[in-house]
Structure formats: structure tokens, C-alpha cells
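Order-wise, the sequence lines are chains A and B. So for the first sequence, numbering that gives the first Met the number 0 puts the first residue at 0; every next one is plus one. So for the second sequence, numbering that gives the first Met the number 0 puts the first residue at 0; every next one is plus one.
A few of these clues could be false.
The list cannot tell twin chains apart, which means a pair is met if one copy fits it or any two copies do.
[Said to hold, decoys possible] Straight line, CA to CA, 25 Å or less: simulated PhoX-like cross-link-like pairs of lysine-lysine:
| id | residue 1 | residue 2 |
| --- | --- | --- |
| 1 | Lys652 | Lys618 |
| 2 | Lys580 | Lys401 |
| 3 | Lys576 | Lys474 |
| 4 | Lys730 | Lys545 |
The set of hints was computed from the structure by calculation and includes no laboratory data. Being a predicted model, the structure only gives us computed values, none of them experimental.
Protein chains: 2
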Amino acid sequence: MNQDYIKADNWSIIEEGFDAERVKSSESLFSIGNGAMGQRANFEEHYTGETFQGSYIAGVYYPDKTKVGWWKNGYPEYFAKVLNAPNWIGIDIEINGEAFDLHACTQVSHFRRELNMKEGWYHRSFEATLKNGTQIRADIRRFLCMDLDESGIIRYEITPINKDATIAYKPYVDAGVSNEDANWEEKFWEPLEVKHSQNSAFVTARTFKTHFIATTFMHNTIWLNGQNATLNPENVESNNEKIQFTYSVNVAQNTTSSIEKIGGYTVSMNHENTLAAAEKVIATASQLGYEKLLEQQKNAWAKIWEMSDITIEGDVKAQQGIRFNIFQLNQTYSGKDSRLNIGPKGFTGEKYGGSTYWDTEAYCIPFYMATKDQQVARNLLTYRYNQLDKAIENAQNNLGFKNGAALYPMVTMNGEECHNEWEITHEEIHRNGAIAFAIYNYHRYTGDYSYIPEKGLEVLIGIARFWHQRASFSKQKNQYVILGVTGPNEYENNVNNNWYTNYIAKWCIDYAAEQIQKVAAEYAADHKRIIEKVKLSDAEIAEWKKVSGNMYFPYSQELGIYLQQDGFLDKDLVPVKDLDKSQRPINQKWSWDRVLRSPYIKQADTLQGFYFFEDHFTKEQLEKHFDFYEPFTVHESSLSPCVHSIQAAVLDKMDMAYTFYLRTSRLDLDDYNKEVEEGCHITSMAGTWMSIVEGFGGMRIKNDTLHFTPRIPKQWDGYSFKINFRHQILKVSVHQNETKFVLEGDHEIKVVVNGKEVLVEPNNLVTV
Amino acid sequence: MNQDYIKADNWSIIEEGFDAERVKSSESLFSIGNGAMGQRANFEEHYTGETFQGSYIAGVYYPDKTKVGWWKNGYPEYFAKVLNAPNWIGIDIEINGEAFDLHACTQVSHFRRELNMKEGWYHRSFEATLKNGTQIRADIRRFLCMDLDESGIIRYEITPINKDATIAYKPYVDAGVSNEDANWEEKFWEPLEVKHSQNSAFVTARTFKTHFIATTFMHNTIWLNGQNATLNPENVESNNEKIQFTYSVNVAQNTTSSIEKIGGYTVSMNHENTLAAAEKVIATASQLGYEKLLEQQKNAWAKIWEMSDITIEGDVKAQQGIRFNIFQLNQTYSGKDSRLNIGPKGFTGEKYGGSTYWDTEAYCIPFYMATKDQQVARNLLTYRYNQLDKAIENAQNNLGFKNGAALYPMVTMNGEECHNEWEITHEEIHRNGAIAFAIYNYHRYTGDYSYIPEKGLEVLIGIARFWHQRASFSKQKNQYVILGVTGPNEYENNVNNNWYTNYIAKWCIDYAAEQIQKVAAEYAADHKRIIEKVKLSDAEIAEWKKVSGNMYFPYSQELGIYLQQDGFLDKDLVPVKDLDKSQRPINQKWSWDRVLRSPYIKQADTLQGFYFFEDHFTKEQLEKHFDFYEPFTVHESSLSPCVHSIQAAVLDKMDMAYTFYLRTSRLDLDDYNKEVEEGCHITSMAGTWMSIVEGFGGMRIKNDTLHFTPRIPKQWDGYSFKINFRHQILKVSVHQNETKFVLEGDHEIKVVVNGKEVLVEPNNLVTV
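The whole structure should be built from the sequences, with the hints applied where relevant.
Now the structure itself:
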């Protein structure tokens, strides 16, 4: 039974009723972020029930000790951790002398949370009776400014409803935080300075080892009965890492008082003097004030939705699901800063440590490409370009490659590998392929070739060199093989000739060689600069091509399918449907060896290749492989259902496509994997978007032209999405019997719908 | 360049000259033990130079936290650690008011260590000049009593040689010790009680978690000029975990004073009241006194050597090497206690954590079988029998097996698995085979079948059930396969159809089925008891036989050899001799993925099967496989050279056999692997013994008869060994042109020498 307490609503995530058991799940689901920072939906006031506290600053991490392996070499020295950042949201409350704590109240009623995705704010309200008998109503709204992205604001209103009350608001900032997953309660922040001035306070702290400096700040205003009470704190308590103000107000029964707290972080990544920067942010934000900031917030989100909204008619849960996904993606990554990337948990939890996985290239780039200016996708590509030197160092110093071969890390914050299982770190090398594929995909979608001569070609060369060296020649097969890898299906480790890996390896070499030729022909100066820099000869390219031209691909003549890896057919091939439910999920029920020797597939593997390279195969081939592999797929990765949904749609298996779609879009809202407490699955949310646009909508780019093969689940009346295609916006609306196109732009485009060309003129509805 | 500071000597290990750089290596090499406890050759007096302190009590361990794997299941909750035990050897010394410390002396000369293997004591002597100018001569002997095995004794003599001296002897016992490899300087001992009475002191402490209680004790006597000074301590200092006495004596120039310190441990494994037991041990030992104890020690070792000595003529280094191996084996395991086993580092270091590996069955049992009463080998078998329930629990609860299948742990202290790498813990399952093989080997050697109906059969059934369930049917091959294993060559992980594993799996099933029949026929009552206990039906046995009768063995028709695993021939087969020396040892130079996809073999794998099952194959087959696999073998396990030495001898490759022999026998003395600081390689020392007896001597048991095919390296004039064969002692002396046999016993035996029967009568020299 999945979780089902979230109310269905087109635009909001809503919880009603207070249940301490749900607090950690809701803290994840109601998380807010603005690309630069984010936080779980922790209560502002002190709470003694179970909670998972988390505030995060984009790009700020800690390198924790790696201690694995008895004798094995090549592990990274550390694994990066997302750090729980200092707390700026905290507001302790005392009411008639009693510390207010929802967990200790004699009664809580009308408890309601709303995450308003349309306008970008989080709201909580309730009535509560304290042990001392005082009954209050509270109304709390919080948002992280999308524009002024170093700040957020909280308005915390309290109305005593059964008697007058003395209310003490005690806002604080606190750098004395630790991580949930810290070993031995290690601290990661070293406090440097605590400062305050009138209603503002600042705690400056530095991370150990990485030496990021962050000033965490607050600025408070107290309101009574709608009027600014112009109070200064009556008490200031501080130690070397925390500062707390006390403001007391006497509030008559049924009169409303409130605190407005502006807070946030200024970080040494962006400022030389973080304290001075914090003072400026406070000045700007407090001058604007709560109402104006809220106005700006609504406008900012309106712009985002204008471009990225997907509507679904006739299925509120599906609508809520897709908007939740789009909302979270926009909260996590704004695309402004090429030093940042998309963490698998975004700002909703600590799990998975680093920020950057191959998820970015394989699943996220299409979403950002289609719903943002192309500069955003270019920034994501540039992130990898900027880390190319580290990828080469990794291959050379840790793994014994030479001559500029690059292996990008499986998980990273700063370009260094920070995952520490050999079967992943050293062997899940297909990630290099996705990084090259994203360059191809960017060019295919945007038509912007300039990235390749400027930056991309160096990345492609480093990757091609890696594959050339990583393959070895099998005398027995008289072909090149790639031994000892882990494919996208992490439920097989150290296998030989994973088809997906071999296929993308060959593709990478061929694509790199083609781009070298093209750059030589069309961008001679860039070609010269790059060839000299990387010292590449034609003879070396010829060596690469020997490998790509004679790569081995495991194939079953009898079944007519490519094999996931050499040994796949020796497995005991019992399909998932015949597996007892008590054994699922296998990664929680089975020891690792049992998982490995089973035929069960965690996420698309061979089918991932058919997804990336759909145009290399016939529909019959796709169907044969889908029908063979899907029955063994347990979809125990959040990244699995979306690819299967897209392929099921292509194969007109619409019931399957819809089932997979629901699973991906409401994975967290309905908590399919019983782990939403730990945070949301951010990167797979981009896969949800793909399920609609590429799956149901059938969008493809072929020869610089948009193609659509619209399909619609029978459960829906209609759906629509917009895409930014080469600086014009195309809105696509699909209903059961027709598809409509509207173009916002200034020049007509040709699109291909179900194989037929259609001309779409600016601002002119076209119905097909 | 290997280490070469150990003086060649037939009976002793000797170091001359003081070099602080060598202290840690010598601490390992001069370690002493008596089966119940042991210790590194740490100095008694305080030493401020680099040192690795270690005292160990057999069977006392600590379960340390396991923290590995991001999502993988089935890891053990802890890994066991050998614990550094409380220190009883410590004697701080003050001379004319200055704390004596070899590292702080202005001069040290005539420094000499001797480990007298013949008599079982460790001696150290030197002259030293303190900063205060006092010059002394010291003479220190220490041994751990083989008979009274809870005690040891130290005589520490000091003679001032340039002036009179006031000497304070400050002996102590201290439970405030920690492990070298402890995380975060964790303590493992909780002090319970400190007590003293006259010249005796006792510290009782309990290990955390495992709750072993040990009383560490001392009893001191001060001597001056050869007379017992009948002193009581003039000062007693103690805290909750340490107690220290001070005895001061005024010693005239060139007069000798000494302290005799009796010490040791009494442990809750053996005593209800460890303190009372310690008082008894002191009473017994002090009544005997130093000289008598030393006398006993010499006698005890004389008996051991009488039975287990191997002589080598014409090669002192080889002689010293083999005696060092035999000496260490006898120090590590006496065979008295079936709760104990043979740790890979014995009492010489902490590494490898647990005590029991498959080394015991594969390498150690033959040595103990041939040089001890057969009860000793039986105790080693019983150790596993006593842990059968835990092996079944492990298979069922952690690994998903059912119906009494047993998987013995890779590493254990108490029967629970305590190794934590999935590729070893879950996949190096061939260990189960060695445990069954040892039962067969015990019967083959001793002729004592009674162990099988009494205990062994249950173990064999649990193991057969494991293999039956662990194999799976490959439709493609139409045979049973064993997927996802690590063979003896740990440089391949998660491979399919490791030949050695498949072969021993089949053998285990067939052997178990035969023994069930035999026990049914000959031990009907035992058969009934066991079958009822384990609920075994004929139908189940028939299912086992389906698997063993149709097992797949990877084979190359072209090469005429069995393949180490399915994918072996796809590797880049460059022999070790063509590998650049800078790349060795590969486990230190290469990342793990590179090791895995290389063809390099850590230790005998396919050849291990040819060693165990030599009689299943022709000599031509052995030669073909040896010639194929040896060139890829890097021998980076201490267990590797011995098997290769034996097989090289069988194949008349005597130069190779001799090279491998030297490498195994002087591995630690010459520090081939540059790691002797961490401790000695105890279990491989039994392999050294096998290299001589089974390799050069060619000893085999066939049909209850001893066979020999004596060979001799050209570097030697002769060698001899004794074996205990079915309660009679046969001494075998091999010279370049003849082999002599002498039997100590009361009935003649038939032996087969080079294929010919020879009758050996009691006490009658036979020359062949």
C-alpha cells in the first residue's frame, strides 16, 4: 500500500491533519529551493517529535573519509557529502511562558500544509492548545526568493484565541548543525564569527577541509495587529556558533501578532566578504518587504510555468504529479551557474552524497534544453568541460590510463571521484558515454554547433581515448572486448561485454572522429588549437577506429537479440511476474550475490541503448528487445520507469506506458519505494517530463526538424506541453482525436506529425 | 632487495646491532607464543622509538562495526578483530634517577637478539650508556611456558659497568591498551578491578561487547648478586586499569641485579573466577621458579622437535627457514583446545582480524596431522562441526538458502562471518569445499573413520545442500552452472563457472552421498540419528546427484585445458615475465578493475584443484595446466608458492620447485613482501612444510599406504623429516642418491617408494 495522504489538487501539494508519523515524509515533500539553496520543510519552532533537519547550500560540500577495501587500490580518498547548512529558519516560540512545541501540545487541529507550486511558497497553519491551556492559531508562510536568491523570508503569525497571551518570538541562526549520516557525530562547520546589529544577526562559519565560508544571516521585524511594532530585541544570547534574539509582545485574545524573518546565506564561492554581502542582501530584501518579495516570487514562478508547464486534463493526480516534478526540478537547478549541477536529492535530503551523476546527461539535459534558454544546457555541458582535467587525472593517476584519456567520475562535486565501491567507481564506466551523448544531443536539439569547437571536442577526444585504451583484444573472438564493467543495470557487476557499454564506446569513438573531421573542415583555428593542445595525430585516430570498427557485441542468434552481457543467457531466467512478492524489492530482501546472479534488471540497460540510439534500430528490433528485457526489469531505480514508459508508448503499449508514467510521476508523492523521508528523487523527475514529451508526445529531433507521434492514455482527456525549440516556443496540445500546435515566435517552422509535414506559422493554431 | 639482517643459524633467529628502523620487523620475527597467548617482541622497558605493541590471547576478540556498501544487503554486522591484550611484560627501569629508554641512550652496543627455537626462549642483551653517563649491561630472557600455558616469565638482569647505580625496577600490568588499527582510538577493554598483594598484582578487565574477562597478573622477585633480595615493593601506584610496583636496589659496579617477573592471563573462557585462577597460576609458577620453568620449557620444545623437526644438510638458510616455520606453527596452535584455530598472523600482529580462514583446512591440517597426535587435527575438524549451526544460520538468514544448507564464513572467530566485502564474503564460496576436503583428508591420512559418523557427516550434508542449491541450471548449456563466484584467485571477482569451485562442488556432493551410504551400511545408529536430525530423504540426495552428475566445467578444446572461469580466454594473455617490474606487485600498483581484467593469478586456483585432486588427473594433464597457468601467476599471496613448489617437484622441475620453496620458507625472515612489520604469515608456514614433505619427499597416502617419490634440490646434501602415521613415527632421510626410512613403533609397515613396495620394520634402517 502506497502512501496516500497528499490531497489531489491541480496546483498545490496539500496535507491536512497532524500526524507525527508523517512529519519526516512531509518534510521531504514540502521542501523548497531556489537553485542556490534549499531546505526541508522543517518546522521553524522547536519540535521534539521525529524530524530530519536539513538546509543545503548549492555547491557546498564536505569530503568525508573513505574507509573501504582490505587491500584494493584506486579508491578515492574521500566521498563528498552534501552538508547540512547552518539553520536560518529557526524561531523558538514561548507563549505565556511555555515553550511552544507541536509535539507537546494537548491538542492540534486544523493542521494544514500547502506547497503552492504555482506561486512558489510553502504555507502551514494550525490551531493548538498548549499545556498551559493557551489556545492559538498559527499561520506560517515561507519562501526562498527566486530572484534575490541568497535570501528567503518567513512570516510567522500567531493569534491567541482563548485568552490574551504574552508571546516571545526567539529567532536564531545556528551553525552548530551536523549531518544525519555523520559518523561519530562529527561536525563539519567551524564557527568563525558571530555578529549582530539591531534586528540583524550574522554567523560566519567555514567548512572543515573544503574551507567554504558562509555567512548565515537573519533580519527580523515584529508586527502586532497589522502594524510594525518597531521593536529591537530585548535579549540577545549568543555563543561562538549561534545567536538568538528574543522579542516579547503582549497579544490580546483574537489579535494577531507576527514575526517576519528574512534569512539566507552568502557564500565565499560568490563573495570575497560574505558578511558585507549579507548586509547588502538584508538591506535589499528588507527594503522590498514581505509583500513585494511575495509579489516578485509569484512573478518569477509565473514565468517559469509559462514556459515549462504541462497540463493534463481529466486526471488530477497525474496533473499534480507532473507539476510536482517540474516544480522540484526548477527549485533544484536554475541553470545560472555552471559550477552547479543537479543532485539526485536536490535540496530535499543528504542521500547519495555528491551532486553530479550521469543522471544529468542521460535524464536531465533534455528537460532543461526544452524548457529553458539553451544557455542552461550549455552550462551543464560546460560543467563537465571545466572538469576535464580532473577526469584525465583520474584516469591517469588512479586507473593507469595514459595519453589524455579521461574517465569522468561516477559521482562528483568538484570533478574528483567520490564514490567508493570498486564495482561502481572503477567499472560503471558507461557514464563516460552519456557525457559524450549529451554533447551530441545538445547539438541535435539546439542546432548550436559552436559548443563543439569551443569546448566539446576536447571532452570527446578524452573520452574516445579512454574507450580505445579500455577495450582489449580477444584472440579467441578476434574482436575487441570490454571486460569487467558494470552497466546501467547495477544489479550486475564486473561483467564482460555489457552490450550498452560496448555500443556507446564504439559510438563515442566514431562520433569523436567525425567531429574532429568536421571541426577541421569548418573551424580550422579551433582544430589547430585543440590538436596541438591534446597532441592528437591521425595515426592515433586510426588506432581508435580499429577498435570501434571491430567491437564485439554479444548476440543470441537463436533469440535474435543483443545480450545484456556475455553470461546473461546462463542465468535462471524466471520473469519478475513469477517472483514471489515477498522477495521484492530484491535489493532490500536479497544478499548482493543473489541479486547479481539473478536475471533481474534494476533499470533500463540494453533498452537504455535503444533509447539513446532509437534511430539505429527498427521498431521490430526495439519490440523484440523490449519484450525480452522488460519482463526481467524490477524498476528498483527511480530512473527506470520513464525510459520504459517512452518505449512502451512508441510500441503502442499504452496501458504499460501509462502505468510506468504514474509510477515515475508520483514516485515521491505516493512514496512507492517507502523512502521519501530521506528526500525526493529529483533527477528522475526529468525522466517524468520525458515520458510525456518524448513518450506520449513522441517528440524527436531528426535532421533539425521536430517530429511528433502524439498518443494519449485513455484515462486522459488531453494534455499539453511547451518546448523552446531554437528560440521559439511551440505549444503542443494533444486530445483524444487531435493535436494542436501554436507557435510563439517570429518565423514559421515545419514539424513532422505522424510522418507528415505540417507548417506551423507564428501565433496561428494548427490542428492535426 | 630483500631484508637480510637475520644471521644464518641452524637453530636460532639472531639479530646483531641496534637499528631503530628494524625494531618493528624484529618485533614480528622474534614473537613468542604458546598456543594460548603470544606477543610481539616488544621491549619490556619503555621505548620512545617506533614500535608496534602487541600481546594477544587466543580466542579473545572484539566485533568491530562494519560500515560498507551504499545499498547492498547481506554484509555481516561486524568484523572481528584480534585484540591487543593487556600488557604484562612491561618493566619501566630507572637508573640513577633516569628513565631508561634505548631510544634515548647516548650509546648502544653489543645489541643482540636471539630467538632460540630449539629451547623456546627469546633473549636480548646489550650495553648502553644513559644520558647521565651510567653505563650498563643488560641481559633479558623471556618465554611463554608451553606447559603452564597461562604464564610466562621474564628475567631482566642489569649490571652497571662504569659506576655504582641505584636501579629502580618498575614492573606493571596495564589494561589501558588499544589496537594499532582502532578507529578513532577506540578502547576495547573495560577495566573491572585492580588488586595487589605483596609482590603480586592483578588487573581484571572485560572486553566490550564480547564480554571476555581476563585477569592479567604479575609476580615479581628481585635478585641481587645471585641472591633473592626478598623485597616487597616500596611503592605501588595504580589507577582503574593499571598497577605498577617500584623496587629500588643499590647495585655496585660490575654487580648484577635482576627482576624476575612471572605474568600472564587467566580468561573467562577457562575459569569462572579469573582472579582466583591467576593466584593459583602464580603460586604454581613461583614455586617452580625461573630455572625449573626454563627446564620444563626446554623439555617441552625438545618433545615438539623430536616429532616435527625437518633437517636440511648443506643449506643453513633453508634449514633456518623451515625451522622458523615449524617453530611459529607450534607457537600459534597447540591443538589442545577445539575452540581455537590458526590465525593468519598468529600472535605476531593484528592484520586479517579473524582467526580462521580456509587456510586451516587447505594448508594447515596436513602439518598438524603429520606432526601431532591425530586428536589435534580432529580438534580442528571439530571446530567447524561446532560452528555448523552458525554456518546454516548464515546461509539461511543472510543469504537466502534453506533446508539446512550451510555456508561456512570466509573469516571467523566464533562461527559468524566477519569479512565484509561482498565479492569475498558472499562469493568466495569455495571455502566450503576445503572444509569438506579436510574431512576426507583426515580420514585418508589417519584411517580414523569414526569422525565421520560422529560429526563429519552432518557437516558434509550441510555443505552438499549448499552446493546443490547454489548451482543453477543453464538452459543454454543444458548443464548446471555456478554463477557469480570468486575462486582461490581473488584477483577475479564475480566470475561464472570458476573451474575449481565447480569441481570441488561436484566432489563435495558425491563425497557426501558416498559417506551417507557408508554410514548407513556400517554405522546404522549414527545414520538414523543424523538423518532424523537433518531430515534428509533419498529423494533429496537424488536431486543433489542431478547437479553433481551434470555439472559444467569450462574447457578449451583447442588448448586441452580446463579454464579458470568462463571468460578467461577473452583476457589479454600477457605472461608475468613480460610485465614490467615497475607494475609489481599488481595489488599495490593497479586499481582493482585493472587487476580484475588482467590474466594475473594471485595464488593457485585451477592448480589448487590439481593439488587436492591430483589422483583424478594424469601427470600429462597436470603438466599442461601447470605450464598454462603458472606463467600468469604473480604469487602475491603467501599461500601461492608452496602449491606451485609441490607441483613443480612432481613435474621434475626442481629448479622451480627450489625457488618456490625458498620463497615460501623465508618469506618473513627475508621479508619478500616488505610487510613483516605487520606480523608473520603463519598459515602459509604449513605450506612450507608441505613443500618439503609432499613436494620434495613426494609423500602421498593411497589406499591406506604411504607413498614417497623422493627428490632433492641440487643445492642440498640431504634432508629428513618425521611423520606420525597412524600412531607410529616414520623418519625419512633423503640424500642425493638414497632415501632412508626408520620406523619408531611396534609393527612393520609397507611403504611405496618410487612405485615399489618396501617393508619397513620397527627400528630397522631401510635404505632405498
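Each hint, compared with the structure:
Only within a single protomer do lysine 652 and lysine 618 lie at most 25 Å apart by alpha-carbon distance; the minimum there is 13 Å, versus 62 Å between protomers. Taking the shortest Cα distances, lysine 580 and lysine 401 sit within 25 Å of each other only across copies (18 Å), while inside one copy they are farther apart (48 Å). Only between protomers do lysine 576 and lysine 474 lie at most 25 Å apart by alpha-carbon distance; the minimum there is 20 Å, versus 40 Å within a single protomer. Taking the closest pair of Cα atoms, lysine 730 and lysine 545 never come within 25 Å of each other, the shortest separation being 46 Å inside a single copy and 64 Å across copies.
In terms of the numbered hints stated before, the structure departs from hint 4 and from no other.
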